[in-house]
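Undergrad: Whenever a hint applies, use it, and build me the whole structure from the sequences.
Protein chains: 4
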Amino acid sequence: MKREEPLFDVGQLAHLEIYSPKIEESVAFFKEILGMTEVERKGKSVYMRAYEDHYHNTLVITDHHEAGLAHIGLRATSPNALERRVKELEEAGYGIGWIEGDVGHGPAYQFNSPDGHVMEVFWEVEYYEAPEEEKTHLLNRPQRRPNTGVPVRRLDHVNLLASNVRKNVEFLDDYLGFNVRERILNDENDDIAAWTSVTNLAHDIAIMGDALGEKGRLHHICYWYGYPQHLTDVADLLIERGFQIEAGPLKHGVSQASCLYVFEPGGNRVELFGDAGYLIFDPDWRTVEWKGEDVQTAIIWQGEELPADFFVYGTPVREKVEIAEQAPIQEETEEVRVQSVKEAKQEAETKA
Amino acid sequence: MKREEPLFDVGQLAHLEIYSPKIEESVAFFKEILGMTEVERKGKSVYMRAYEDHYHNTLVITDHHEAGLAHIGLRATSPNALERRVKELEEAGYGIGWIEGDVGHGPAYQFNSPDGHVMEVFWEVEYYEAPEEEKTHLLNRPQRRPNTGVPVRRLDHVNLLASNVRKNVEFLDDYLGFNVRERILNDENDDIAAWTSVTNLAHDIAIMGDALGEKGRLHHICYWYGYPQHLTDVADLLIERGFQIEAGPLKHGVSQASCLYVFEPGGNRVELFGDAGYLIFDPDWRTVEWKGEDVQTAIIWQGEELPADFFVYGTPVREKVEIAEQAPIQEETEEVRVQSVKEAKQEAETKA
Amino acid sequence: MKREEPLFDVGQLAHLEIYSPKIEESVAFFKEILGMTEVERKGKSVYMRAYEDHYHNTLVITDHHEAGLAHIGLRATSPNALERRVKELEEAGYGIGWIEGDVGHGPAYQFNSPDGHVMEVFWEVEYYEAPEEEKTHLLNRPQRRPNTGVPVRRLDHVNLLASNVRKNVEFLDDYLGFNVRERILNDENDDIAAWTSVTNLAHDIAIMGDALGEKGRLHHICYWYGYPQHLTDVADLLIERGFQIEAGPLKHGVSQASCLYVFEPGGNRVELFGDAGYLIFDPDWRTVEWKGEDVQTAIIWQGEELPADFFVYGTPVREKVEIAEQAPIQEETEEVRVQSVKEAKQEAETKA
Amino acid sequence: MKREEPLFDVGQLAHLEIYSPKIEESVAFFKEILGMTEVERKGKSVYMRAYEDHYHNTLVITDHHEAGLAHIGLRATSPNALERRVKELEEAGYGIGWIEGDVGHGPAYQFNSPDGHVMEVFWEVEYYEAPEEEKTHLLNRPQRRPNTGVPVRRLDHVNLLASNVRKNVEFLDDYLGFNVRERILNDENDDIAAWTSVTNLAHDIAIMGDALGEKGRLHHICYWYGYPQHLTDVADLLIERGFQIEAGPLKHGVSQASCLYVFEPGGNRVELFGDAGYLIFDPDWRTVEWKGEDVQTAIIWQGEELPADFFVYGTPVREKVEIAEQAPIQEETEEVRVQSVKEAKQEAETKA
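Residue numbers (the UniProt record's numbering), protein chains in the order written: chain A, 1 to 352; chain B, 1 to 352; chain C, 1 to 352; chain D, 1 to 352.
Source of the hints: derived by calculation from the structure; they are not laboratory data. Some clues are possibly wrong.
Said to hold, decoys possible - Straight-line Cα separation of at most 27 angstroms, DSS-like style, residue types lysine-lysine; simulated pairs: (1) C:K135 with B:K31; (2) C:K22 with B:K135; (3) B:K2 with B:K291; (4) A:K2 with B:K291; (5) C:K135 with B:K22; (6) A:K135 with A:K42; (7) B:K22 with B:K2; (8) D:K291 with D:K167; (9) D:K87 with C:K2; (10) B:K291 with A:K135; (11) A:K291 with B:K135; (12) C:K135 with C:K42; (13) C:K31 with B:K31; (14) C:K135 with D:K291; (15) B:K44 with B:K215; (16) D:K42 with D:K135; (17) B:K135 with C:K31; (18) C:K215 with C:K87; (19) A:K135 with D:K22; (20) C:K87 with D:K2; (21) D:K31 with A:K31; (22) D:K135 with C:K291; (23) A:K87 with B:K2; (24) D:K22 with D:K42; (25) C:K31 with C:K44; (26) A:K22 with D:K135; (27) B:K87 with B:K2; (28) D:K31 with A:K135; (29) D:K167 with D:K215; (30) D:K135 with A:K31; (31) C:K167 with C:K2.
Said to hold, decoys possible - Stretches of chain A that chain C covers, calculated by requiring three or more beta carbons in the stretch to come under 8 angstroms of a beta carbon on chain C: (32) 221-233; (33) 249-258; (34) 298-307.
Virtual Cβ for every residue (Gly too), placed ideally from N, Cα, C.
TA: Structure follows, in structure tokens:
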């Protein structure tokens with residue numbers, strides 16, 4: 001949507017809730033490898049934070065029979081802004097309704113993306129107050145740097161799979177003010193993928209086409225290091241402890257980010273960002289469009305090609321609908337994943 | 001000023017114009033050491049850009065009898081936003097008036113800060129169009145990476161000296177929407193220095209108290225690398241070519257930036273940023289306040305103490321007013337600088 | 001050979017001479033991208049150096065109808081050591097004979113490896129004396145850091161293809177004192193590749209099996225950065241100027257080096273080293289042996305798999321002997337390379 | 001001593017034993033901050049290792065009433081080489097005698113440096129065998145990368161204080177084959193400090209003049225990272241946990257190393273190396289000599305000046321002899337240190 005003035009009502013991606021079928025292993029991964037802190041447990045959920053996250057938590061891991069995205073939390077830029085967003089979302093029929101709040105934030109209005117990804121927007125937050133022994137004299141850092149793993153600094157972004165990229169991107173733009181920073185287009189000029197943000201980052205929320213045609217799946221969540229060396233460091237830890245790095249360290253063209261992809265034990269894909277990429281300050285940014293032979297550059301600027309899985313695998317893990325009905329997702333995510341990807345690729349090849 | 005909603009009318013620091021009494025040497029410094037491109041010359045000015053700046057230029061160097069800041073260019077977030085800012089500035093009596101535009105941007109409204117720093121705000125810009133041989137397949141990069149020096153990526157921020165920090169900071173906040181991200185306070189809770197931004201950076205414009213009580217001087221301008229290694233690399237070039245590094249590589253507490261300070265041949269202080277520091281996404285950011293024994297941490301987190309000059313020297317170089325009237329600033333900036341700093345320190349000591 | 005005491009007669013890899021069918025383009029590559037200095041020209045050769053090489057030159061590029069390795073220069077640890085090596089090589093029938101010297105070094109004794117790679121060993125060297133404007137106050141650096149490209153610091157190693165790895169490695173060990181630091185073995189415990197050194201580096205000379213069964217070819221030469229960031233930096237320059245990066249940045253298991261492979265315009269493969277890898281101080285080092293499923297780790301620790309070409313392509317570019325007789329190598333190296341690799345792979349597949 | 005051929009009998013600095021008056025705190029520092037492993041305890045000693053050390057241990061921390069260096073362990077290059085060294089040391093009267101061995105190595109011959117630093121040379125070593133869960137597929141790495149602190153990779157060097165630098169350096173050269181790589185000279189061409197090695201490193205053992213005229217003291221021990229980023233990382237940990245960084249991150253001229261100095265809780269100074277500096281392969285290396293105005297460059301190439309303490313403080317902490325006799329060194333190392341340095345400087349100033 002072309003507005004007369006940019007919409008500034010949503011300020012940031014504030015937190016993510018993911019599902020894990022192996023919650024303790026997932027929590028251990030984020031704590032021991034990525035140096036995150038477990039701040040609280042409530043019900044089936046564990047609330048976690050990176051040491052430079054300013055709010056109480058940015059990642060909620062919830063026990064569930066399969067991996068996936070539970071919801072995305074967005075912070076409005078003011079109480080008025082929140083009110084305006086709720087009104088528009090409600091009128092357009094995307095609304096789910098208000099919740100009283102959750103650990104770390106106040107009342108939130110929940111709604112669906114066109115694809116059914118659950119999102120919420122809120123204003124009130126609880127800032128993290130470090131225990132005395134975790135405080136630091138570096139006053140712009142809410143908690144001292146942890147001593148464990150290669151600690152990530154803060155939540156960066158989330159990447160969603162969608163059955164229809166364009167439709168979901170337009171929703172983010174129209175109703176929430178996300179600007180489309182970059183996009184990959186097919187020969188018909190339809191979106192294969194798009195990167196959107198309300199901040200100066202190249203993306204807070206990215207959307208990629210779901211190769212299986214599924215709705216509401218998660219491609220990956222991303223935490224930030226800011227230094228490329230840390231990708232090498234954490235890769236050592238991951239490889240030597242048997243975690244599966246899917247790709248990287250490498251450097252994307254889109255966003256110019258140096259990064260690495262790994263599967264957390266619950267099966268969700270996690271990206272780690274090794275630098276700041278490039279930042280966008282232009283208030284009238286002209287979307288960068290990648291087409292045809294430029295697409296390869298969009299995906300990889302430096303380093304390895306991405307494996308075929310990267311373009312198929314998401315959570316929850318889904319085989320073709322028919323198969324899924326016959327054989328419900330088993331607990332052994334890893335196995336299923338491999339099988340699913342294999343079949344998805346066979347399908348894709350058959351179609352091609 | 002506490003507003004009901006944040007003000008989003010100014011989007012970014014878009015360019016800076018500095019004065020140089022040794023213009024060709026200044027231009028050579030930015031080209032050969034910092035890898036910047038000379039895009040155009042007009043009148044007494046040379047227009048330059050870093051390779052990831054998206055507009056036509058971000059640095060104008062203008063021939064002048066002494067170093068200093070000519071003006072600061074700010075981009076509004078929309079034509080309406082521009083109109084609103086102009087109206088308020090005009091009504092408040094800060095306005096200078098419209099100019100038709102300059103190389104790289106359209107009509108701009110000029111105004112004074114309380115201290116008399118000249119600023120302008122505008123909407124229309126010219127995007128840089130690289131010549132064929134400088135184009136890159138990395139489509140979010142407007143120009144391929146240069147082959148010369150250790151090339152900076154983009155303009156980062158400007159740091160001003162002011163006779164009254166609080167007053168100038170409040171002006172930036174009230175009339176332009178700059179948020180105060182961090183501040184150093186003295187025992188009376190008055191600002192010694194403040195860092196403000198309209199972006200997610202910890203600062204687009206910083207203001208420090210002028211130890212000489214002068215008005216309108218420049219402390220430094222800053223370009224961005226994004227990688228700490230480049231500070232080491234450029235330090236090699238600078239040291240071996242006889243440029244004077246004032247301090248660094250070091251890591252500030254404020255902004256968490258790894259940086260280095262050097263004097264360009266015209267006498268202006270230039271900072272180079274080696275990483276992204278930390279970014280601020282919280283729309284309700286609580287200003288980080290450094291006082292008392294924390295101030296040393298604010299200034300230096302890792303590495304060396306800053307030399308006394310750092311807190312005195314600015315451009316234009318100014319001795320005490322009485323002396324300046326008797327002996328106008330000579331062309332030998334360096335000499336004057338040393339002398340000036342010495343006297344300023346003597347004065348400061350006498351006062352203390 | 002198991003000696004009672006280690007042999008310390010050869011001290012280092014001192015220089016390399018390579019052939020180029022496009023000499024001016026090759027020289028330009030090493031100067032403009034890798035920041036090397038052209039020190040002298042003589043006959044058909046250009047003598048070049050990296051800025052932290054201490055001798056007059058470390059790379060000689062010689063005009064030739066096809067790419068490849070002309071010779072390897074080794075420095076003895078003393079005049080006596082030189083004498084001892086010459087005597088043994090001569091007696092064993094590997095000797096070619098003495099040359100008077102070359103630009104940058106004195107009398108050298110030339111000899112063949114079992115595969116026919118030409119090597120020489122010498123004692124007298126000429127140290128580089130930088131012109132006044134290239135001198136630096138950093139007295140352990142023979143020349144100030146160049147302002148061009150992403151300058152490499154020094155020669156690191158050479159990697160040879162051989163028709164029989166074991167035989168050539170044993171020669172290096174027995175006659176020159178090269179220690180086998182790491183090796184990749186096939187199921188019959190024969191060497192697929194080996195890394196040898198007389199220094200604390202994991203290798204000064206590596207040898208890999210030639211997939212085409214050819215003798216005396218070059219796999220790659222390597223220059224050293226010492227900082228991983230520089231691989232990212234130089235990759236930008238290479239990609240945006242149309243040079244072909246074969247692989248990387250990546251991190252090998254063998255040597256733990258972060259590196260990148262690129263083809264210089266003459267067709268020779270050049271490796272760039274981004275860190276120090278690991279160093280070996282143990283005088284009784286037990287060769288690290290990679291076999292079976294560990295081989296993949298030996299090749300890649302972090303990052304992408306190497307392309308199939310990597311294990312086939314060498315210089316001079318050689319098709320199967322029969323074909324080569326019918327169609328002599330054309331000047332268009334690149335084309336030939338592609339063709340050659342394709343055929344070699346077909347052959348390999350046919351055999352498999 | 002100018003030999004006809006270089007002496008290759010000593011291969012490396014293999015381990016260090018230091019004293020600590022706060023042994024558990026010292027051990028905790030090396031484990032929790034530097035990620036080292038405690039391998040064994042025996043008697044009053046704790047045996048530790050970095051994860052890329054190949055032998056059983058490289059650091060022995062022994063309970064003692066004051067900090068300092070207990071002994072330096074050197075590995076010979078062969079049994080014959082060991083025999084030769086012992087013979088010469090014995091004949092020259094430096095010998096102490098054989099010990100049966102210690103945890104991690106076999107029979108060792110102990111001797112004194114002219115200043116009385118205890119050293120030993122040996123041949124037989126025990127290689128580290130990691131427990132199953134600490135093994136890695138990276139076969140040239142003896143133990144997987146630890147998950148704690150910012151783990152150092154291996155022992156790098158030791159720096160001794162000596163009452164007479166030249167005499168001790170000549171001893172290292174004449175009797176052990178250490179090559180003088182760099183030296184700082186005073187106006188009378190006497191050594192203020194010297195850096196010596198038997199490896200390609202710029203130093204395995206450095207010697208600096210003891211400002212107090214004491215004999216046998218330790219300036220610092222050094223472990224190696226190989227990546228500058230890790231200095232920033234560990235500095236965060238150190239600062240936020242209240243350890244005192246004496247200087248750095250900075251870059252020396254001598255050795256070109258990026259480094260940081262910190263006091264371990266026992267009072268010994270520990271250096272951390274952030275890169276490989278430069279390596280020396282020239283078998284006939286001409287000692288780099290720094291004199292007069294170049295000395296400042298030798299000490300600091302990039303970053304801060306070293307504090308005055310750096311040139312005075314060593315362990316064991318020693319006041320002037322007269323004072324020391326009256327008031328024996330107290331357990332509160334830190335206090336004593338501050339006092340001692342203050343007095344030493346007063347003395348130095350009085351002398352000057």
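Undergrad: Given the hint that K31 of chain C pairs with K44 of chain C, test it: the Cα-Cα distance must not exceed 27 angstroms.
TA: holds, 18 angstroms
Undergrad: Need the status of pair K44 of chain B, K215 of chain B: alpha-carbon distance at most 27 angstroms?
TA: holds, 24 angstroms
Undergrad: So if I understand the rule, the pair passes when the alpha-carbon distance is 27 angstroms or less; does K87 of chain D with K2 of chain C pass?
TA: Holds, at roughly 25 angstroms.
Undergrad: Sort out whether K2 of chain B lies within 27 angstroms of K22 of chain B, counting only the CA atoms.
TA: violated, 44 angstroms
Undergrad: If you draw a straight line from the CA of K31 of chain D to the CA of K135 of chain A, is it 27 angstroms or shorter?
TA: Holds, at roughly 22 angstroms.
Undergrad: Apply the coverage criterion to the stretch 249-258 of chain A and chain C: a residue qualifies when its Cβ sits closer than 8 angstroms to a Cβ of the chain, and three qualifying residues are needed.
TA: It holds: at least three residues are needed, and the stretch 249-258 of chain A offers 4 whose Cβ sits within less than 8 angstroms of chain C.
Undergrad: For K87 of chain A and K2 of chain B, compute the direct alpha-carbon distance and say whether it is at most 27 angstroms.
TA: holds, 25 angstroms
Undergrad: Is it true that the CA of K135 of chain C sits at most 27 angstroms from the CA of K42 of chain C?
TA: Judged against 27 angstroms, a Cα distance of about 24 angstroms means the pair holds.
Undergrad: For the pair supplied as a hint, K22 of chain C and K135 of chain B, confirm whether the alpha-carbon distance does not exceed 27 angstroms.
TA: OK: K22 of chain C and K135 of chain B at ~26 angstroms, within 27 angstroms.
Undergrad: Is the Cα-Cα distance between K135 of chain C and K31 of chain B 27 angstroms or less?
TA: holds, 22 angstroms
Undergrad: Taking 27 angstroms as the top limit, are the C-alpha atoms of K215 of chain C and K87 of chain C close enough?
TA: With a Cα-Cα distance of about 25 angstroms, the restraint between K215 of chain C and K87 of chain C holds, given a limit of 27 angstroms.
Undergrad: Tell me if the straight-line CA distance from K87 of chain C to K2 of chain D falls inside 27 angstroms.
TA: holds, 25 angstroms
The structure fails hints 4 and 7 (numbered hints given earlier, in ascending order).
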